[in-house]
Amino acid sequence: MNTPTTLERAFEPIEGAPNALISRPGPGVTSSGDEPEIPNNGMQAYRDLWLEFVSDAPWERGFNTSSRQYTEGYNKLYPGATQVVIQNHRSWWLTREETSIRSIAPVAKLIQDANPTQTLIHVFSNGGCNSLVNVSDGLHRLTSKQDLPLPAGCIIFDSCPGETHWGRGAHAFTGGIKNHLVKLLAQLLILCAFCVAWVFSEVAGRGDPSLYMRKRLLSPTTLPHNAPRTFVYSKEDELVQWNAVEAHAALAKKRGVDVTLELYESTPHVNHLKADPERYWTIVSDAWQRAAQPS
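The sequence shown begins at 1 in the working numbering and counts up one residue at a time.
Keep in mind that a hint or two might mislead.
In silico BS3-like links for lysine-lysine, alpha-carbon gap of 30 angstroms or less [stated by the list, open to error]:
# : residue 1 : residue 2
1 : 76        : 274
2 : 274       : 253
3 : 215       : 145
4 : 178       : 235
5 : 254       : 235
6 : 183       : 109
7 : 274       : 178
8 : 274       : 183
Restraint ranges, calculated between C-beta atoms of paired labels, are given here [stated by the list, open to error]:
#  : residue 1 : residue 2 : range
9  : 15        : 189       : 14 to 22 angstroms
10 : 211       : 18        : 40 to 48 angstroms
11 : 195       : 256       : 32 to 40 angstroms
The hints are simulated quantities; they were obtained by calculation from the structure and are not laboratory data.
Everything numeric in this text was worked out from a predicted model, so none of it was measured.
C-beta: ideal position from N, C-alpha, C; glycine also.
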């Protein structure tokens, strides 16, 4: 599937959520006919697609090629679906949890009545996982139901979730910097940011931030255990180790979750689509079809 050079999907900000955008299908746009059928009523599923991206580039500047290949790819598969994009800036690591939850609350309000059987969550990297937990917290506060999971019929994890490795994280975040001195200074600043995030998490009584995030993802109060989960990951990922993803997937499977592992051999972090688009979109389509099967 080739990404078009012109943007077919128009996105607009979600009021009150500075890092979130929404795109609804245009007038007269209907299902592509490729969506799986809902088992109980036999009607075509106009699936709501919820995509999370991790990027420091403000969406207001326009979609970059990396972002567009996902939103436009989904538009080709399911043109009748609504897309919600949540961006997690790297500054999240220096943001108070209360501020993060408050800034994402409008998204929780938007999706609280979504039909779980018609909702896909596609999460990218640990930053996307942290946003997912923030939205879950926002939903709990909004509804006063601490045991209410996010609506989801299927969850796809791309290059996540991973364990904390400060050195590897600093290296990955500065991979594009050519000047060695600038790169060293940037890595020191990133390590300081990680330390601050760790201190905040310790003060809150949660310990290691990534360990807390992974525990939350396994909780049925965050994500429903009856929603299949697909993990797309790579042995050459410098930021998130492949065996950490598999360990998390194994824990989910022990809790009764339907788990599918899709291992790439040599792709970098969040670059699996670019390496093999046909395989990637087949993975997405298969995940939808599996979610639609009667349990």
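Hints versus structure:
With a C-alpha separation of about 17 angstroms, the suggested pair residue 76 and residue 274 falls inside the 30 angstroms cut-off, and the hint holds. Annotation: proposed proximity of residue 274 to residue 253 holds, straight-line Cα distance about 28 angstroms (limit 30 angstroms). At most 30 angstroms may separate the alpha-carbon atoms for a hinted pair to count; residue 215 and residue 145 meet this at roughly 19 angstroms. Among the hinted pairs, residue 178 with residue 235 is consistent with the structure: their alpha-carbon atoms are about 25 angstroms apart, no more than 30 angstroms.
Of the supplied pair hints, the one linking residue 254 and residue 235 holds, its CA atoms being roughly 23 angstroms apart against a limit of 30 angstroms. In summary, the hint linking residue 183 to residue 109 is not supported, as the alpha carbons are separated by about 40 angstroms, beyond the 30 angstroms threshold. Under the criterion of a C-alpha separation no larger than 30 angstroms, the hint pairing residue 274 with residue 178 is consistent with the structure, at around 23 angstroms. The straight-line distance between the Cα atoms of residue 274 and residue 183 is roughly 26 angstroms, inside the 30 angstroms bound, and the hint therefore holds.
The supplied range of 14 to 22 angstroms is broken by residue 15 and residue 189, whose beta-carbon atoms lie about 33 angstroms from each other. In this structure the hint that residue 211 and residue 18 lie 40 to 48 angstroms apart at CB is violated, the actual value being about 28 angstroms. One distance hint, 32 to 40 angstroms for the beta-carbon pair residue 195 and residue 256, holds here, with the actual separation near 37 angstroms.
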